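K.L.:
Sequence:
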Amino acid sequence: MIRNTILSITAASAFALPAFADNHMAAKDIVDTAVEAGNFTTLVAAVEAAGLVETLKGEGPFTVFAPTDEAFAALPEGTVEALLADIPALTAILTYHVVPGAVMSTDLTDGMMAETVNGQSVTIELGDTVTVDGATVTTADIEASNGVIHVIDAVILPE
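According to mature numbering (1 follows the signal peptide of the UniProt record, and there is no 0), the residues represented by the sequence shown are -21 to -1, 1 to 138, in order.
What the hints contain is simulated information worked out from the structure, not anything from laboratory work.
Between beta-carbon pairs, the in silico distance windows are:
#1 G106 - A28: 33 to 41 Å
#2 V32 - D107: 29 to 37 Å
#3 M83 - P137: 20 to 28 Å
A quick note: this is a predicted structure, and the numbers were derived from the prediction, not measured.
Where is the CB? At the ideal position from N, CA and C, for every residue including glycine.
Assemble the whole structure, with the sequences as input and the hints as a guide.
P.N.:
What follows is the structure, given as structure tokens:
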């Protein structure tokens, strides 16, 4: 399901966001890093329900735009439960949050389009804040052994 292509991106503008933690977490994969962080329980539960744990524990590299528990809580009431009952829809949304390759903040350019594993592209905008399809990146460049996580404040939805 996850393509092994590496996203080719021209290096350009960097953005400064607070560091997530010491680099001791880089030895853990994306899933274990998210579990240890403690604020991605809904995302991890969704990844488990969609059967994507082994994929995201795989070799990668992957870039994950990870919505926090607060981002999931901001969805209309019943949305998360409905998605957990509709695995194809859940999988489409989750894979829309994943880009093949390790895309660091220094790789981003304003207006950049990054193709997701879902097959659709997200739009990156640089300004006072960095956004991915309108969701604000609140923490960038959390390194994992098989990629990188960028924390976002909203769940992004494919068209």
